[in-house]
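**Q** Now for the letters of each chain:
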Amino acid sequence: MSSLLKRIEIPIFLTIVCCLLQVVPYYFYWKPLDDFATREAQWMNLIVATATFIGLISLVQVHGANVQKRSKGWYFSVVTLVCAVSFAIIGLPLPEYGLGSLSYWYLFLYNNGQVALSQAQFSLLAFFMTSGVYRAFRARNLESGLVLGAGILTVCYNAPAIVATYPFFADIRGLLNDIPNLALNRAVTIGAALGAIILAVRTLLGIERGYLRGGGD
Amino acid sequence: MVDTITLIGIYIAVFLTLGLFTILYKENVWFRIAEAIYLGLAVGYGIAFDLKYLRDQWNSPWSKEPMLMVGFALAILVGILWYARFNRSVFYLYRWPLAITVGTGIGMALKTVIFSQFLDQIRPQINLNLWLPNNPWQSLWNILVFLMVPSVLLYFWFTGSGHEWAPMKVVDKFARYTMMLGFGYMFGNAVLGRYSLFIGRAQFLLGITPNPPEAQPAFWVIAAVMLITLIGWDLYKRQKS
Amino acid sequence: MFEVSQINLSDGFVAGRMLGLVGLLLIMLASAYFIYMARKGKVPKIRRIAGIDAIDEAIGRAVEMGRPVMCSHGIAGLTEATTGPQTIAGLGVTAYVAKKCVDVSTRLMIPVRQPNVWPIAADIVETAYRMAGKPQEYKSSDIMFLSTDQFGFTSSYIGILMREKPGANIMVGAYWAESMQLATSGARAGCIQIAGTAAVAQIPYFVLASDYCLIGEEIYAASAYVSGEGEQIASLAGQDFGRLIAVGIMLLGALLNTAGIKMIIDLWRW
Amino acid sequence: MSIFDKLQDIDIRIIYLLAMISVFYPLISPMGLPIKIGAQSTKWYNYLNTIPDGSVVLFSPNFGASSLSELLPMTVATLHHLWSKNVKVVVVAFWADGPIMFRTAKGLAVPESYGKVYGKDYIELGFVPNGETGMNNLGKDVLGTCSVDYVNNRPTRDYDIMKNIKVATDFNLVISIESGTPGFDGWARQWETVYKVKFIVGCVGVSIGGMQPYVNSGQIQALMPGLSPSAEYELLIKKPGLGIASTDAITMSHYLVIAFVIIGNVAYFLSKLGGKKDG
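Residue numbers (the working numbering), protein chains in the order written: chain F, 1 to 217; chain A, 1001 to 1241; chain B, 2001 to 2270; chain V, 3001 to 3279.
Isolated chain F, as found in the complex (with noise of 0.2 Å):
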């Protein structure tokens, strides 16, 4: 028996299933299989959302082992797992006892932790931009020229101060808007849709191995 679940021609035979499911009805109209195809994918969020506890899991595997050993920054460990187990209990969706994402304590940790600290990281971004665009930024050949002539003439465009005293940068910015940048985009998307539909084909013939065996046989 394990070894019939264990065959690989099952979770194939599955993928090509679902992927005709929603792809015949969108070309092929039959209402009956249309509905049901929207009901599969909205399904297959139940299954995805299901899968919430592997990350705390894996987590209790990390850092609860970090703390058992005492290995170095154990307490780092022990500060992480509780905040993980604590905002899961107060978010749990129960209402009716006073938790859940309008309970008071849930949004004094969403507003002063969650807010604070995903605003802060992203907002690191600055001065790695600032700091990447003084060492990669070099004219040192024509191509490279290129990137920091188009950056620096829409970081000019960009400052409110210099826009209003030079109008003009708003034209040069509006050129490479509309020529270089657009023409990248539009290639860029039309390869990887052609990536994307390639991809499709590799894994509906069960050759593509990366997601499905393990990268092995």
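I should point out that these hints are in silico values taken from the structure, not numbers from a laboratory. Given the structure is predicted, the values throughout are model-derived calculations rather than measurements. Watch out, some of these pointers could steer you wrong.
Stated by the list, open to error - Partial chain F-side listing against chain A, Cβ under 7 Å, derived:
1) Ala41
2) Leu59
3) Phe76
4) Thr80
5) Ala84
6) Leu117
7) Asn181
8) Ala183
9) Ala196
To be verified - Capping the alpha-carbon separation at 30 Å, the derived lysine-lysine pairs in DSS-like fashion look like this:
10) B:Lys2099 with F:Lys6
11) B:Lys2042 with A:Lys1169
12) V:Lys3006 with A:Lys1237
13) V:Lys3043 with V:Lys3239
Here a beta-carbon is modelled for each residue, glycine too, at the ideal position from N, C-alpha and C.
Fit chains A, B and V to the known structure of chain F by using the hints.
**A** Below, chains A, B and V without anything else, positioned relative to chain F:
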């Protein structure tokens, strides 16, 4: 005047913000505290979010009909197979929910990419008018777009030996110039976006309305403590070595 | 642009979507044909992709320096239409990197953002160890689930880069705003970096801040390229076939349009 | 090591410190640097001005905490503008944190101060999951997709404002403030194409490249990309807020970026010249 708990909240927010900022100096204990808290909160948040999603879905639409209820239960059962990964003897069962997820995902991709990312992008290229007698500049811009898009596409040609063909070398060069201009432009725009975010955080730290004014004293106090400890620790270590 | 109507559909083939269907089938069948030919022994030649070739070099450097390797498959899940395929492509590269790292006995760390991708990453690494005959060396704690929160993931990733100082940092998959932070931090930690994504807005940061960059569709080619298998490489010929169609229609269509002939654009009404 | 080599290799922490100063200094003592109202904000302003009385607007905050700094100013300003007009506003988010973000914005542009009444002039319907599928569902059946409201958890159909709002065509305009997916492409596919409902988009600065094709094709009626246009818009509606407060800091930080690029490159060229002389 705000109540004590709100004030504590503000101090926590300022502490966590500055804690993450200290990574700019170097890896240090303040950053690690903030990072550990962030990691924990985010995992907890993810779980709370997914469970809320499941409950909301149950409320509407899955509890409306018996058939749907069965479907919901089945989804949970299949979802539990994810956890088979942690068991050595049945680990392969996790591939079933995975296959359903990947199959559906690829299916949804297949039906839309051909339109939104392929045909709808080709269409405006076909609509280009290369000869506008009244507007020579616009004609020139259109001709540039007309040449740039195909050349970038051809730049990524993978198979065969087309790239060694002499005219292709010109196309490749042109494609690279196009890409470099485009990258520069996108990079320049990102500078503004990223600074906007930092400005927002700075406004919070300085307590500029509508942020709570209590944040400013908290900022100065906590920043001073962090700076002194960081630099002090560095000097102490340098003296010891 | 989207003339496809979604209301009042009647049973049967959907008007306005037929061109898409024809295009899709053409490209897919072409690619299937090339794969079939490859099975018969006719594998097309493939051009070098510098970024992918550099993976071996990067791992080698890490071994020399006695440092671990970090390999990320991006931060997207498996289901979103445009980013799901990128994750699968990233996992293909991860499988290759895992095999290489096991061969040279180097520690491989994989940071994961999506809970449902974690089992795949773990499976990939464990399989690599099993196939090399050393399953006891596999450590599931190196497949690190960091956080579902985008910047929670980022801050932990940066923390690991700074602490563990990996010799190589390989990132192939879908990335968003964190791309710049990860690439800059990797450079600061002294890693040799290979980065690739099909998220257009993020490519410039990878180009500027990493040593080698895979641009757009190169990441889809990557897993086929590293596998070295005829069938997979042949599928790339299908990609080129689609490219040829796109370029041909574009050039011809615009020329005809300029001449006042709207023949090709009418195809979009199918 | 010559001075030019040194200038090419400034300690990264000095760069970070200067970046920090370039933002904090103008925030602490504003300099009142010039600002010019550009085309994008004007277009947005005019577009909202021309909405006829009695229109129904779908307001969709599709972003989370991490983009709040960049998108809050335009959200607040747009709400001020909407409240000042005689239109009905329905708030639906397709991003999980959207409803909380709207609360933050509503606290700064209080509808009640314009005499607006909850349930009659505006309503918050909360979060609709599943991205684009959710948009599609909402378009087909508003009351069925959002059966209860976000604030009181009461049936949506009981509210005055929802009496004549059943499907997408009952809306005159969609305003989407967004930082990613789901966003403009979903609106284009699910609402603009199918129901011909017009929509305008406020986005983070980095998204502008990808949106350009949609603006060119006329699908997006007006675009508000990032913080600088938000500041101009605040000037237009005469409600100076966080956007205006930021402009000096934007300019100063951009000066800094330009300065670093120039220093790096000049030093690079001079050291190359110097290198040639020596060799």
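**Q** With a cut-off of 7 Å, does the beta carbon of F:Ala183 approach a beta carbon of chain A closely enough for the hint to hold?
**A** Nearest chain A Cβ about 3 Å off; hint holds.
**Q** For the pair supplied as a hint, V:Lys3043 and V:Lys3239, is the alpha-carbon distance within the 30 Å limit?
**A** holds (17 Å)
**Q** Please verify that hint: F:Asn181, Cβ, nearest Cβ of chain A, below 7 Å or not.
**A** Result: holds, 5 Å to nearest chain A Cβ.
**Q** Quick check on the hint: F:Leu59 CB to chain A CB, less than 7 Å?
**A** holds (6 Å)
**Q** Would you check whether F:Leu117 satisfies its interface hint, that is, whether its CB is within less than 7 Å of any CB in chain A?
**A** Check passed: Cβ of F:Leu117 comes within 4 Å of chain A, closer than 7 Å.
**Q** Can the restraint linking B:Lys2099 and F:Lys6 be considered satisfied, given a maximum Cα separation of 30 Å?
**A** holds (23 Å)
**Q** Run the distance test for V:Lys3006 versus A:Lys1237: straight-line Cα separation, threshold 30 Å.
**A** holds (26 Å)
**Q** Quick check on the hint: F:Ala41 CB to chain A CB, less than 7 Å?
**A** Since the shortest Cβ distance to chain A is 6 Å, the answer is holds.
**Q** Hey, does the F:Thr80 contact hint survive, CB to chain A under 7 Å?
**A** Since the shortest Cβ distance to chain A is 4 Å, the answer is holds.
**Q** Hint validation: F:Ala196 versus chain A, beta carbon distance must be below 7 Å. Holds or violated?
**A** The hint holds - F:Ala196 has a Cβ within 7 Å of chain A, the shortest such distance being about 5 Å.
**Q** Checking hints one by one. Is F:Phe76 an interface residue toward chain A, by the C-beta closer than 7 Å rule?
**A** The hint holds - F:Phe76 has a Cβ within 7 Å of chain A, the shortest such distance being about 4 Å.
**Q** With chain A as the partner, please determine if F:Ala84 meets the hint condition of a C-beta pair closer than 7 Å.
**A** holds (4 Å)
The structure meets every hint from the earlier list without exception.
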